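Protein chains: 2
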Amino acid sequence: MKDQASVLRETDGEARKLARTLLRSARYAAIAVLDPETGFPFASRVLLGTDIDGVPVILVSGLSAHTRALDADVRASLLTGEPGKGDPLAYARLTTQCRAEPVDRDSVVHARIRGRFLNRHAKAKLYIDFPDFRFFRLVPQSASMNGGFGRAYVLEGADLAIRSSANETVAAQADEILRDLLDKNPDLARDAALTLKGADHKIWGICGLDCGGLDLISGEILLRYELETVAQSASELYSHISKIKYAIPQI
Amino acid sequence: MKDQASVLRETDGEARKLARTLLRSARYAAIAVLDPETGFPFASRVLLGTDIDGVPVILVSGLSAHTRALDADVRASLLTGEPGKGDPLAYARLTTQCRAEPVDRDSVVHARIRGRFLNRHAKAKLYIDFPDFRFFRLVPQSASMNGGFGRAYVLEGADLAIRSSANETVAAQADEILRDLLDKNPDLARDAALTLKGADHKIWGICGLDCGGLDLISGEILLRYELETVAQSASELYSHISKIKYAIPQI
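Same order as they appear, the protein sequences are chains H and B.
Take the first sequence: its position 73, counting from 1, is numbered 73 in this note's numbering, and each next residue is one higher.
Take the second sequence: its position 211, counting from 1, is numbered 1211 in this note's numbering, and each next residue is one higher.
It is worth saying that the hints were derived from the structure and are not from the lab.
Since we're looking at a predicted model, the values are computed, not measured.
Yeah, the Cβ is synthetic: ideal placement off N, Cα and C, and Gly gets one too.
Be careful, since some hints might not be right.
What the hints assert, rightly or not - Reference excerpt, derived from the structure (chain B facing chain H, CB under 7 Å, subset only):
(1) A1030
(2) A1032
(3) V1033
(4) F1040
(5) F1042
(6) A1043
(7) S1044
(8) R1045
(9) V1074
(10) R1075
(11) S1077
(12) D1087
(13) Q1097
(14) W1204
With these hints in hand, go ahead and build the complete structure from the sequences.
Below is the structure:
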């Protein structure tokens, strides 16, 4: 289903980048699922993380309504992109249609997702290992983006994926690669954040690394630094990221 | 479908009041509808208002995905209650299952809803009368509230309604009643807002009046002042509201 509130624009590289950023910089999302009892759509709130291939992940209680719904029907929709000051509809937001894949607790995938999720949501350590809590991978099938009034785009699921033969390697070596990068540039997180949003006085950290870029965190603010191209090897990723430098604007 | 992430609590008067407040103080909401082409749930963002009977209303373009979905299937779900600082899941939120009723543009109901909506969303005057824009009343059928970790409640649609034989009278005379109330207490909006949230330096106005209470606005902040009981006449409403006074706390 396309969100054609306005004339549909051609989905170019810039639109795809904005869509990926809206999905990957969201700390939480509205999720819509199908109520197995009534067939009604059901909207609720979930904490959001991402897997190494860019697939959004959620951590949910087995007793919650959305979990029981996903067990009955894997179709779900995520709304990401929060409004700021002024008209809420002037802010870009993304609707991603997904199919939910439960994550087996004893799998390598679970360990990887758990680590990435905790880096982003430190307070989740209070309940992440409760026996009734589980992860789902929500694999994007298609998406529609409303970039603000008059700017609507349709995307494919693949537009939101990080396709790289190096995904597993980077997942396994992420800590090591980051250590090397920070040895070379201790201000990497700050440089990446300020390149995206200009100078501030916040303390920035890195809470995620994948072949598509960096997740940056400062308290409750999450930013996504998207690389122009997806790295196809760990050394290519290292090379791309080590080029990030914040240049103070010359007035 | 009940959100039983935590032990379900008894739905008492306090829980009902919180639920009504979450619905009536929301400037916008996530709406979940059913995609008529794929059957997927579809989550998007809408501006929210209320009708005189407490029923939430949305203003939507006929070209948007959610409008086409509601034309095909009236079942919808609204998520209201935005998070603030800290863990997003620590903040109360409400999922309301609704049936959508299109509002005929030439009806008295349309004129009433349009006026109330513009009082709340002044910038909507730019497009509210565009020929492809329409209102839907989203009549609550049931709701589930998550009041933060460990506090889940189930509500009936009727818990979110303003049932009063004076609804139509108050809708017709709202401006006049407000003028009388403000003659008596020019600080009414400020008194009501400060009673709810303590002293601040904002300028408060009233953007809605109904038999259940007042909608208060300051820039982009909306507050709901809920009366303890629904007024059954215009004079009873006047009497309830004229008693609102902010008492500076004695330290």
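| query | Can we keep the D1087 of chain B interface hint, with Cβ of chain H closer than 7 Å? | reply | Holds, because the Cβ-Cβ distance from D1087 of chain B to chain H comes to roughly 5 Å (cut-off 7 Å).
| request: Under 7 Å, Cβ to Cβ, is where S1077 of chain B needs to be relative to chain H, so tell me if that hint holds or is violated. | output: The hint holds - S1077 of chain B has a Cβ within 7 Å of chain H, the shortest such distance being about 4 Å.
| Interface hint status, Q1097 of chain B versus chain H (Cβ within 7 Å) | holds (5 Å)
| field | Hint check, R1075 of chain B versus chain H [nearest Cβ-Cβ separation less than 7 Å] | value | holds (5 Å)
| query | Would the hint on W1204 of chain B stand, with a C-beta cut-off of 7 Å toward chain H? | reply | violated (18 Å)
| request: Answer holds if the nearest beta-carbon of chain H is closer than 7 Å to that of V1074 of chain B; otherwise answer violated. | output: violated (10 Å)
| query | Does A1043 of chain B pass the interface check with chain H, least Cβ-Cβ distance below 7 Å? | reply | holds (4 Å)
| Holds or violated: is there a CB of chain H closer than 7 Å to the CB of S1044 of chain B? | Where the cut-off is 7 Å and the nearest Cβ of chain H is about 5 Å from S1044 of chain B, the hint holds.
| said: So, as I understand it, the hint says F1040 of chain B touches chain H; can you test that by seeing if any CB pair is closer than 7 Å? | reply: holds (5 Å)
| request: Identify whether the interface hint at A1032 of chain B stands, where standing means a beta carbon of chain H within less than 7 Å of its own. | output: holds (3 Å)
| field | chain H contact restraint on V1033 of chain B - CB to CB distance below 7 Å | value | Nearest chain H Cβ about 6 Å off; hint holds.
| said: Under 7 Å is the threshold here; is the Cβ of F1042 of chain B close enough to any Cβ of chain H for the hint to stand? | reply: holds (5 Å)
Of the numbered hints stated above, those contradicted by the structure are hints 9 and 14, listed in ascending order.
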